[in-house]
Amino acid sequence: MINLGMASLRLYAGLVGCRSGFCARSLRTLSGMTVSQGTRDYNPKQMAIREKVFNTIISCFKRHGAENIDTPVFELKETLTGKYGEDSKLIYDLKDQGGELLSLRYDLTVPFARYLAMNKVTNIKRYHIAKVYRRDNPAMTRGRYREFYQCDFDIAGQYDPMIPDAECLKIVHEILSELELGDFRIKVNDRRILDGMFAVCGVPDDKFRTICSTVDKLDKMSWEDVRSEMVKEKGLSEEAADQIGQYVSLQGGMDLAERLLQDAKMSQSKQACAGLTDMKQLFSYLQLFQVTDKVVFDLSLARGLDYYTGVIYEAILTQTGPVPVAAAQNGAGEKAEEGVSVGSVAGGGRYDGLVGMFDPKGRKVPCVGVSIGIERVFSIMEQKAEASAEKVRTTETQVMVASAQKNLLEERLRLTAELWNAGIKAEVMYKKNPKLLSQLQHCEDSGIPLVAILGEQELKDGVVKLRTVHSREEIDVSRAKLVEEIKRRTLDV
Amino acid sequence: CFLVAFPAAINTLGLAGHRSRLCVRSLRTLSGMTVSHIDEEVAKLLKLKAQIGGDEGKHQFTLKTAKGTRDYNPKQMAIRERVFNTIIRCFKRHGAETIDTPIFELKVTLSFIYDLKDQGGELLSLRYDLTVPFARYLAMNKITNIKRYHIAKVYCRDNPAMTRGRYREFYQCDFDIAGQYDPMIPDAECLKIVHEILSDLELGDFRIKVNDKRILDGMFAVCGVPDDKFRTICSTVDKLDKMSWEDVKSEMVNEKGLSEEAADQIGQYVSMQGGMDLAERLLQDAKMSQSKQACAGLTDMKQLFSYLQLFQVTDKVVFDLSLAHYTGVIYEAILTQNGPVNVAANQNGADKKAEEGVSVGSVAGATTAWWACLTPRAGRCRVWGSASASKGSSPSWSRRLRRCAPQRPRSWWPQHRRTS
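Quick mapping for you: the protein sequence lines, in order, are chains A and B. Going left to right, the first sequence walks through residues 1 to 493 as the working numbering numbers them. Going left to right, the second sequence walks through residues 494 to 913 as the working numbering numbers them.
Please note: incorrect hints may appear among the correct ones.
[As the list claims (entries may be wrong)] Lysine-lysine pairs mimicking DSS-like chemistry, simulated, CA-CA at most 30 Å apart: (1) A/K384 x B/K585; (2) A/K52 x B/K600; (3) A/K435 x B/K568; (4) A/K77 x B/K732; (5) A/K131 x B/K568; (6) B/K557 x A/K131; (7) B/K809 x A/K131; (8) B/K585 x A/K131; (9) B/K809 x A/K435; (10) A/K77 x B/K600; (11) A/K120 x B/K537; (12) A/K131 x B/K540; (13) A/K45 x B/K585; (14) A/K125 x B/K809; (15) B/K809 x A/K431; (16) A/K406 x A/K431; (17) B/K646 x A/K431; (18) B/K585 x A/K432; (19) B/K646 x A/K62; (20) A/K361 x A/K77; (21) B/K568 x A/K120; (22) A/K89 x B/K557; (23) A/K432 x B/K540; (24) B/K540 x A/K120; (25) A/K89 x B/K600; (26) A/K364 x B/K749; (27) B/K646 x A/K45.
In short, the hints are calculated from the structure, not lab data.
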C-alpha cells in the first residue's frame with residue numbers, strides 16, 4: 001500500500017509537470033499532503049448525501065416556478081468592493097497577473113445584482129446553488145470552511161407588497177420540512193420596525209446600525225450581555241437600552257403586529273407602522289399558505305447585513321443535540337452557533353436598494369430572497385447517516401454480472417452490454433477469472449442488490465441465475481426475460 | 494428622445510467636464526441643431542448631473558464579467574442541466590461514484606494558471622484541470638481502486654495572443670478508472686461510455702479514433718526516427734487533424750530535422766485506419782513487427798477490439814495511426830456530421846482542415862496504476878453548444894460556440910501527462 005501511495009505521489013508530481021529536482025522536493029511536501037486550509041474534498045458518501053439534499057431543494061424551487069442561473073467564480077474586484085462593509089477583508093483576491101483585478105465571489109447576492117443590472121432584467125425568480133469563498137480567520141472561527149456552498153432563492157421585481165415575501169417563507173417551510181431535519185421555527189421581523197423601534201426608544205440615528213448589530217447577538221448572548229455592550233461599548237443611554245429590552249423580548253403572530261400598532265410609543269414611528277402593517281399583511285398570506293404553525297414575529301431578530309430594507313427572516317432548528325462545528329457558514333447568517341443546541345439553517349429578507357447600486361442609471365429592482373444554510377444541512381445529514389444503521393450507497397448499480405467458473409469473461413461482457421443497452425445499471429469485474437466470492441463481496445460492500453450469475457450449464461440452457469444479495473435467494477431466469485425481471489425488481493425497491 | 498439620449502451620450506462619449514469637437518459635430522449632424530443650442534443643453538444636463546452625483550459615484554464602473562468568463566442565463570442552464578443529466582445517467586449506469594475537490598490547489602508554476610494573491614497564508618492557484626486533484630485525492634486517501642466521475646469548472650488564464658476569444662472558466666467532465674486490473678477491460682468500458690454518451694446526446698454521427706502510444710513509438714522507431722526526437726515528431730504528427738500531410742511532413746523535415754525517408758515511411762503508416770483487421774495486418778507487417786513495443790500495443794489493440802465487439806460499439810470505433818497525443822492507449826471522439834467538418838476550430842487558418850472534436854482521455858500506464866481518462870474538455874463546451882444550436886437557438890450562439898472551444902495547445906498536454 002505504501003508503494004502504491006508513493007507511485008500515486010510520483011504520478012501526482014509528474015502530472016504537475018515538474019522535473020527531477022522539483023520532483024524530489026515536492027514529494028517531500030506531498031507526503032504531508034493535504035487540501036489547502038479551510039477547504040475539503042467531498043468523498044463519494046458525502047457526494048451521495050449532497051446530491052439527495054440538492055435534489056430535494058431544487059425540486060422545491062422548481063415547484064415554485066424558479067429558473068436557474070450561474071455566474072463565474074470570480075468577479076471584477078470593483079464589483080465586490082464596497083458591498084460587504086467590514087467583511088470586505090475576508091475576500092479572496094486573485095494575484096495581479098497583468099490583467100483585470102479579480103476577486104473570488106463572497107456570496108451569490110452581489111453577483112445576482114450585477115447579473116440583473118448587466119442584463120437589464122427587471123423581473124426574475126431564480127435559484128443559484130454554488131460555492132463561495134471567504135478568508136475567515138481560523139483562530140476565530142475554528143471549523144469554518146473557506147470554500148462552502150450557498151443556496152440562494154430570490155424574487156426580483158416590482159410586485160404587490162408581501163406576496164413574494166410570503167412565497168419565500170412558504171419555500172423555506174417546504175424545504176425544511178422535506179429535509180426532515182426535525183422541528184424548526186422561522187423568525188420574522190422587519191428593518192423598518194427595528195429602525196422605528198430604535199427611534200422611539202431614543203437611539204441616535206447614527207447609532208442605528210451599530211446598535212442593530214448588537215441586538216443581532218441576542219441569539220447567542222444573554223440580554224444582560226447585549227445590554228452591557230450597547231451601553232458600555234456603543235455608548236447608548238441606559239434608558240434607551242431598557243426600552244429596547246422591553247420590545248425585543250416580544251414574540252407572536254399577527255396579534256403582536258396589531259398590538260404594536262396600538263402601542264403608544266411604537267405608533268409614533270411612521271416607519272414602524274408601515275412595517276407593522278406589512279407584517280399583518282404577510283401573516284394573512286402565511287395563513288393562506290398554511291405555514292403559520294412555524295412562523296414567529298420576533299422583535300429581537302436583527303440580521304447582520306446592511307442591505308436589507310424590509311422584511312427579514314431566519315429559520316432555526318429547535319431540536320437539542322450536538323451541533324456540528326462547521327455549522328456556521330451559510331448564507332443564513334454570520335452567526336456562529338458553536339456548542340449551542342439550536343442553529344440557523346436559512347435566512348434572508350427584502351433588499352430593495354442593492355441592484356440600484358449596480359445599475360448605471362441607478363434603476364431600482366426590488367428583491368426578496370432566502371439563502372439556505374446548506375453546509376449546516378450537509379453536516380446534519382452526514383451525522384444522521386453516521387448514526388443510522390443503513391449504509392449510504394455511493395453508486396446506483398442494480399446488477400453485478402458475475403460468474404463462478406473460468407473463461408466466461410466474454411459472456412459476462414456480452415451480458416453486461418445487453419443490460420447497459422437496456423438502460424440497466426450494471427457492473428462487471430475487470431478480471432478474466434474472478435472468484436465468485438470477491439464478486440459477491442463487492443456487491444455487499446457497494447450495496448448492489450442483484451447478481452446475474454453465468455455458468456456453462458446456464459448458458460447451454462439459455463438462462464441466467466438471478467441472485468438477491470441480501471436474502472441469498474437464487475432463481476433461474478430465461479435470458480430473454482432477464483431485462484424485464486431486473487426492471488420489475490428494481491422498480492419494487 | 495434627444496434629451497433622453499443625451500445622458501447616455503455624455504457618459505459614453507466622456508463629455509463630463511469637457512466636450513470633444515468631434516462629438517459635438519456628430520451630434521449636430523444627428524439632430525440638426527446648432528452648436529450653441531447643444532452647448533446650452535449640455536450645460537443644463539451637466540448641472541443636473543452634478544446635483545445627482547459625480548463621476549466617482551457608484552454608477553460609473555464597468556458592469557461586466559471578468560474576461561473569459563460568462564454568466565449562464567436560465568435557457569443555457571436548462572440545456573446544461575439536460576446535458577449533465579444525460580451524461581451523469583450514463584456514468585451511473587456504469588457504477589461510477591463522484592467526488593468533488595476544492596477550487597484551490599497548491600500553487601503551481603505554469604504560465605496559464607490563475608494564482609491567488611499572497612494574503613499571508615498558503616500560496617494557492619485555481620485548479621486548471623481535474624486530473625491533478627484526482628491524483629492528490631487518491632494519494633491523500635491511499636485509494637487503490639476507484640471508478641469516479643467529476644464534473645466541475647476549471648480555470649486557465651490563457652495567453653491572449655494565442656487564444657483570443659476562448660473561455661478562461663469552463664467545465665470539465667472527467668471519468669476515470671484507477672486500479673490494477675486485467676488489461677484493456679476498463680479501457681473498453683471507457684469507450685463504451687463515450688459511445689453511449691455521444692449517442693444519448695444526439696449530436697449526430699461520430700467516430701472514436703483509437704491508437705496506442707506504444708504503437709506510435711514503435712512505428713517511429715522502425716521508421717528511423719531517433720529516440721530523442723520521438724516526442725517532438727509525435728507532436729507534429731498530432732497536427733494531422735488540422736494540417737495536411739504535406740504541411741506535417743514539411744514541419745518534420747524542415748523544422749524538426751527528420752530525414753525525408755523517415756518522414757515518408759511515417760506517412761505510409763499514419764494514413765492507415767481500420768479495426769481489428771488493421772492491428773492484425775500490422776502485426777504481420779515486416780517493418781512494424783520488428784518493434785517489441787509496437788507488437789505489445791498491437792496485441793492489446795486486438796484485445797481491445799474484441800471487447801468492443803462484445804460491447805457492440807465497433808460501428809463507431811476506428812483504429813487510426815495518425816492519432817498522436819497523450820500516453821498509453823489514446824482515443825478521441827469526433828462529431829462527423831456526414832464526414833469531417835471543416836470548422837476553424839482553432840481560430841486561425843480557416844482553410845486548414847479542422848475537425849470539431851471532443852478530446853477524450855487516455856490510459857496512462859504508471860508503475861502500479863492504470864488510468865483510463867475521459868476528459869472531453871474542449872468538447873464540453875462544444876457538445877453543449879451544439880445541442881443548443883440544433884434546438885434552433887439564435888445563430889449568434891453557434892458563432893460563439895466556435896469561439897468558445899477551450900482547446901489547450903496540444904503540446905502542453907502530453908507534458909503534464911508524462912509519468913515518471
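Outcome of the hint check:
1. Taken as a hint, the A/K384 and B/K585 pair is honoured in the structure, with Cα atoms around 25 Å apart against an allowance of 30 Å.
2. Between the alpha carbons of A/K52 and B/K600 the distance comes to roughly 33 Å, so the proposed pair goes past 30 Å and is violated.
3. Only pairs whose Cα atoms come within 30 Å are accepted, and A/K435 paired with B/K568 is rejected, the gap being roughly 50 Å.
4. Restraint check: the Cα-Cα separation between A/K77 and B/K732 comes to about 39 Å, which exceeds 30 Å; the hinted pair is violated.
5. Taken as a hint, the A/K131 and B/K568 pair is honoured in the structure, with Cα atoms around 21 Å apart against an allowance of 30 Å.
6. Restraint check for B/K557 and A/K131: satisfied, since their Cα atoms lie roughly 20 Å apart, inside the 30 Å limit.
7. For the proposed pair B/K809 and A/K131, the alpha carbon gap of about 39 Å is over 30 Å, so the pair is violated.
8. Of the supplied pair hints, the one linking B/K585 and A/K131 holds, its CA atoms being roughly 24 Å apart against a limit of 30 Å.
9. Between B/K809 and A/K435 the CA atoms are separated by roughly 33 Å; this puts the pair beyond 30 Å, and the hint is violated.
10. Straight-line distance between C-alpha atoms of A/K77 and B/K600 comes to about 21 Å, which keeps the hinted pair within the 30 Å bound.
11. For the given pair, A/K120 sits about 27 Å from B/K537 by alpha-carbon distance, which is consistent with the 30 Å threshold.
12. For the hint linking A/K131 to B/K540, the alpha-carbon distance of about 45 Å lies beyond 30 Å, and the restraint is violated.
13. At most 30 Å may separate the alpha-carbon atoms for a hinted pair to count; A/K45 and B/K585 meet this at roughly 14 Å.
14. Between A/K125 and B/K809 the alpha-carbon distance is near 44 Å, which puts this suggested pair outside the 30 Å criterion.
15. At most 30 Å may separate the alpha-carbon atoms for a hinted pair to count; B/K809 and A/K431 meet this at roughly 25 Å.
16. Proposed proximity of A/K406 and A/K431 is supported: the alpha carbons are some 10 Å apart, at most 30 Å.
17. Distance restraint check for B/K646 and A/K431: the Cα-Cα separation of roughly 34 Å exceeds the 30 Å cut-off, and the hinted pair is therefore not satisfied.
18. Between B/K585 and A/K432 the CA atoms are separated by roughly 23 Å; this keeps the pair inside 30 Å, and the hint holds.
19. Taken as a hint, the B/K646 and A/K62 pair is honoured in the structure, with Cα atoms around 24 Å apart against an allowance of 30 Å.
20. Only pairs whose Cα atoms come within 30 Å are accepted, and A/K361 paired with A/K77 is accepted, the gap being roughly 21 Å.
21. Taken as a hint, the B/K568 and A/K120 pair is honoured in the structure, with Cα atoms around 16 Å apart against an allowance of 30 Å.
22. The hinted pair formed by A/K89 and B/K557 meets the criterion: a straight-line CA distance of about 23 Å does not exceed 30 Å.
23. A C-alpha spacing of about 85 Å is found between A/K432 and B/K540, which places the hinted pair above 30 Å, so the restraint is violated.
24. As the CA atoms of B/K540 and A/K120 are separated by approximately 27 Å, the hinted pair is consistent with the 30 Å bound.
25. Straight-line distance between C-alpha atoms of A/K89 and B/K600 comes to about 22 Å, which keeps the hinted pair within the 30 Å bound.
26. For a cut-off of 30 Å, the pair hint linking A/K364 to B/K749 is broken: about 62 Å separates their Cα positions.
27. Taken as a hint, the B/K646 and A/K45 pair is honoured in the structure, with Cα atoms around 21 Å apart against an allowance of 30 Å.
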